[in-house]
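Student: These protein sequences, in sequence, are chains A and B.
Using this note's numbering, read the first sequence as starting at 1 and increasing by one per residue.
Using this note's numbering, read the second sequence as starting at 1 and increasing by one per residue.
Heads up, a few of these hints could be off.
To be verified - Restraint ranges, calculated between C-beta atoms of paired labels, are given here:
#	chain 1	residue 1	chain 2	residue 2	range
1	B	15	A	47	28 to 36 Å
2	B	160	A	40	53 to 61 Å
3	B	18	A	21	18 to 26 Å
4	B	43	A	70	26 to 34 Å
5	B	11	A	67	37 to 45 Å
6	A	15	B	15	41 to 49 Å
7	B	163	A	15	50 to 58 Å
8	A	21	B	98	30 to 38 Å
Since the hints were derived computationally from the structure, they do not count as laboratory data.
In this text, a Cβ means the ideal position worked out from N, Cα and C, and glycines have one as well.
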Amino acid sequence: MSPEERENLLKYAAKRSIERPTFLASALEIYRQYEQLDEAGLANYFGIPTTQLTRLALSRRPDPDSPTFRQDVTAIAQRYGFPPVKLANLLRRVTAYEEGGTTAPGFLMAARDREDEPEDEE
Amino acid sequence: MSDAEWQQKGLDLHYRLLQGDPTAQSDLFETFFLNLVADLKKKYPNVDTDLISDAAYQASANYVDNPQLFDPTRKTLFGYLKMSAEGDLRNALRSQKRYYSKIRPLDDVALSTLAGNINIERDFIIKQELLEKLHTQKQLNQQIAGTNSLDQQLLTLLQQKERRTSEFARVLGIENLPVEEQRAIVKNHKDRLKVRLKRSKAKE
């Protein structure tokens, strides 16, 4: 199997996983849509190449209400080489979108502002 | 990677999943899912690649969602995923076949134009299945007869349900011998090949 075929198959799996809430792909897709980002924009948010984004999408989606949330986020961030706060913020925002439909631009701006503040996940 | 290494890799991934390691599932896709697709493509060369990728994905994703259903004392992880994917693949092929056979009666009525396309697709699936069967038969023959072309020709006659001794005698080049002797020689060869066929099928 050529490297290109492997990448295409992993992309296919990541895309299929959008429908599965246990995969991080589901949260990344919601965030991508709300933030109107393309694949490169999302990779840029994390500061990783798009090939890594595919693998990130196939990871398990940490649950913000779970006691292992911090540990899970850190494990994923360390694996793919980005600050844990990026993923923690994204997941909290996505949970908020899903639970209350808090989609007002004000909320997004406030969330963006908060991203600059120090977080306990870092 | 050797079988033992694969087995160990499968066990490691399985325990990482059970322990809740959030990166274990992406490792599973990068190794087992990709190898599963490659393995299924090799085994089913005439089946649509999309169906194969879909079956491999379903098997991998279902396992990730319920890793506790896999019993490592009974099977290797790869064996477990392959069995699951092959089940899905057969179901998909069966439902495609059923779908196309159900819509055939409509051909004559209002869907005459569409029916042409449907028939082409249905015929394509039937042809794929036949090719699959032929491929499996060819592999089986090669497994039994090896490079012995005489045995391969005799096997082909057996599979074609050829009953005439004269046909087997012709392949064996013993047409000039008395008929009784031809029968005895042909019977010996047929019995020998039938035993090999039986053994080979039992191994499968």
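Student: Each hint: holds or not?
Tutor: Going through the hints against the structure:
{"no.": "1", "hint": "B:15 with A:47: 28 to 36 Å", "verdict": "holds, 31 Å"}
{"no.": "2", "hint": "B:160 with A:40: 53 to 61 Å", "verdict": "holds, 59 Å"}
{"no.": "3", "hint": "B:18 with A:21: 18 to 26 Å", "verdict": "holds, 20 Å"}
{"no.": "4", "hint": "B:43 with A:70: 26 to 34 Å", "verdict": "violated, 44 Å"}
{"no.": "5", "hint": "B:11 with A:67: 37 to 45 Å", "verdict": "violated, 27 Å"}
{"no.": "6", "hint": "A:15 with B:15: 41 to 49 Å", "verdict": "violated, 28 Å"}
{"no.": "7", "hint": "B:163 with A:15: 50 to 58 Å", "verdict": "holds, 55 Å"}
{"no.": "8", "hint": "A:21 with B:98: 30 to 38 Å", "verdict": "holds, 31 Å"}
The structure does not agree with the numbered hints 4, 5 and 6 stated previously, though it agrees with the rest.
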